[in-house]
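As given, the protein sequences belong to chains A and B, one line each in that order. In terms of numbering that gives the first Met the number 0, the first sequence has 281 at position 282, counting the first letter as 1, and numbering is strictly consecutive. In terms of numbering that gives the first Met the number 0, the second sequence has 135 at position 136, counting the first letter as 1, and numbering is strictly consecutive.
Keep in mind that the hints are not guaranteed to be accurate.
Said to hold, decoys possible - With a straight-line Cα cutoff of 35 Å, these simulated DSBU-like cross-link-like pairs (lysine-lysine) come out: (1) A:Lys70 with B:Lys137; (2) A:Lys176 with A:Lys366; (3) B:Lys124 with A:Lys25; (4) A:Lys363 with A:Lys184; (5) A:Lys114 with B:Lys124; (6) A:Lys265 with A:Lys151; (7) B:Lys3 with A:Lys25; (8) A:Lys363 with A:Lys176; (9) A:Lys363 with B:Lys3; (10) A:Lys74 with A:Lys25; (11) A:Lys363 with A:Lys226; (12) B:Lys124 with B:Lys3; (13) A:Lys176 with A:Lys74; (14) A:Lys25 with A:Lys226; (15) A:Lys114 with A:Lys226.
These are calculated hints, taken from the structure and not from any lab test. Note that this is a predicted model, so its numbers are computed, not measured.
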Amino acid sequence: MASNGICDRVAIVGMGCTYFGEHWDKSLEDLLIEAANEAYLSAGVDGDRIDAYWLGTMGRLSGLTLSEPLKINYKPVSHVENFCATGSEALRNAAYAVASGAYDCVMAIGVEKLKDSGFSGLVVQNPPSDGSSPAMTAPAQFSMLAPDYFEKYGVDPEVGKEVLSRIAYKNHCNGAKNPKAQFRKEVPMDAIMCSPRVADPLGIMDCSGVSDGSAAAVVVRAEDAHKYTDNPIFIKALSFVAGPAAGPLSQDYDFTTFPEVVASAKDAYQQAGLKNPMEEISMAEVHDCFTPTELVLYEDLGFAERGGAWREVLDGAFDLDGRLPVNPDGGLKSFGHPIGASGLRMMFEMWLQLRGEAGERQIKDPKIGLTHNLGGAPGRCVSFVSVVGR
Amino acid sequence: MTDKAVPVIEGLFSDTAEGPRLLGSRCAACGTPYFPSSAVCHNPECSDSRIEEAFFGPGGTLWSCALQNYPPPPPARYDEPYEPYLLGMVDMDEGLRVMARINAADITAVEIGSRVELELDTLCKGGEGEDVITWKFKVVQP
Chain A
0 MASNGICDRV AIVGMGCTYF GEHWDKSLED LLIEAANEAY LSAGVDGDRI DAYWLGTMGR
60 LSGLTLSEPL KINYKPVSHV ENFCATGSEA LRNAAYAVAS GAYDCVMAIG VEKLKDSGFS
120 GLVVQNPPSD GSSPAMTAPA QFSMLAPDYF EKYGVDPEVG KEVLSRIAYK NHCNGAKNPK
180 AQFRKEVPMD AIMCSPRVAD PLGIMDCSGV SDGSAAAVVV RAEDAHKYTD NPIFIKALSF
240 VAGPAAGPLS QDYDFTTFPE VVASAKDAYQ QAGLKNPMEE ISMAEVHDCF TPTELVLYED
300 LGFAERGGAW REVLDGAFDL DGRLPVNPDG GLKSFGHPIG ASGLRMMFEM WLQLRGEAGE
360 RQIKDPKIGL THNLGGAPGR CVSFVSVVGR
Chain B
0 MTDKAVPVIE GLFSDTAEGP RLLGSRCAAC GTPYFPSSAV CHNPECSDSR IEEAFFGPGG
60 TLWSCALQNY PPPPPARYDE PYEPYLLGMV DMDEGLRVMA RINAADITAV EIGSRVELEL
120 DTLCKGGEGE DVITWKFKVV QP
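So here's chain A without its partners, still in its complex pose (with noise of 0.2 Å):
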């Protein structure tokens, strides 16, 4: 399998995000407004210097859900969708064709508003369709990587309960850092702990904020890339795969590890050039849906050793002044994940972390970024790997 990738060749000049969380009062259409508004005036055009446009939504059926707020005149809109990952295809989609040449500057952009639709998350059945499937909720889904990885690590279920915490506290302690995160309130450890169970063991302290929001890339070639700003971020990798849903299926499989994952970021580190990711990453942005994900995503991603991400946790790791900061905007947990959004906005605090620009919670000197956005649920998901530089 030839993954060639576009390391250096295509870079982001502007980005915009709005405040995630409650917006009662704005439309999809608003917010869209809003966060292709910001991504505009950053990298100093208008809509008229934009050639085509990637829209990541759910269910929204086609390209008109942007060209109508943002009256696009007759251009080339396209809708993408790939589960909780759709933002990061919507890049991915717009830094190819930018590659490729077709285009000289595109806008990748994500949207959801989920508060008033009264659903958190996707809400969709799986197969098989012929009525077996059990009703199962995405908090279950993802609980099961929990006790697996405690049992085949020899982890005390109290012990790998205050790591998950552990996780959550850390994310929210970040987010407090962060204007737009939708919590931005640090939460004591004890309350994470004892929060009310949702699907055991993982509390609702354990699960990432249901929100509204939109976050906005406008993408060009590397080489006309200072043209635009004195600081643009270069995509060295874009890593996106689908698995064969082997999970429901085989016995064989093992719910400490996402293969997807592991996959797309082994395909990330070839396309990118990098060695020993673990050294050379200065920071990341994963996909904390649930904590168990992401200390399953630690794992897989190289940032710790097979079964030793859970001691690296409670040691403060991954902590803003740990050796390998994640999630230091908040993550899913703390500034909240409007689905479609998610994959950009991760995306955006890549770009303030490496313009120097994140204030209070700026990680010092950063070269090498990374995100990682997941989609679907153990054992039958797809998986995103960006890595990104100065």
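Position chain B relative to chain A; hints supplied.
The following block gives chain B in isolation, referenced to the frame of chain A:
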């Protein structure tokens, strides 16, 4: 109308002292009208979104229209037996384009370009026999 009447949706229209008006908004910076109201200005040429409440009506010009011969699927509401109605696109004098039902003496003979006027009229009967009210336009000058 009976003494019991309810709007089909709250907050979209009002019977004011000056007569019926649509309730929307307008950007104070660029003047773009919105119905229903918008929280932010959608005009890409406008960089200063300042939304304020606005009332629209009553005058307009019929831009196009179509006769709805068969009952549309839900959530369309109508009384049984179904009576065909005229649906029109009206260019209101404030610069707003609005879709609405059109009332006329003979709805099969309405001409494009006719002057129309906003009115509040019964859409159908509600579940408790009340009149459900909506906005329509009547042809005042063919």
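Okay, the hints, checked on the actual structure:
1. A:Lys70 with B:Lys137: With a Cα-Cα distance of about 31 Å, the restraint between lysine 70 of chain A and lysine 137 of chain B holds, given a limit of 35 Å.
2. A:Lys176 with A:Lys366: holds (21 Å)
3. B:Lys124 with A:Lys25: Since the Cα atoms of lysine 124 of chain B and lysine 25 of chain A sit roughly 32 Å apart, the hinted pair holds (cutoff 35 Å).
4. A:Lys363 with A:Lys184: holds (23 Å)
5. A:Lys114 with B:Lys124: Roughly 32 Å between the alpha carbons, so the hint for lysine 114 of chain A and lysine 124 of chain B holds.
6. A:Lys265 with A:Lys151: Measuring from Cα to Cα gives roughly 24 Å; hence the hint holds.
7. B:Lys3 with A:Lys25: Holds, at roughly 33 Å.
8. A:Lys363 with A:Lys176: Roughly 16 Å between the alpha carbons, so the hint for lysine 363 of chain A and lysine 176 of chain A holds.
9. A:Lys363 with B:Lys3: Violated: lysine 363 of chain A and lysine 3 of chain B sit about 68 Å apart, past 35 Å.
10. A:Lys74 with A:Lys25: Roughly 26 Å between the alpha carbons, so the hint for lysine 74 of chain A and lysine 25 of chain A holds.
11. A:Lys363 with A:Lys226: holds (27 Å)
12. B:Lys124 with B:Lys3: holds (10 Å)
13. A:Lys176 with A:Lys74: Given pair lysine 176 of chain A, lysine 74 of chain A is violated - Cα atoms ~39 Å apart, limit 35 Å.
14. A:Lys25 with A:Lys226: holds (34 Å)
15. A:Lys114 with A:Lys226: violated (39 Å)
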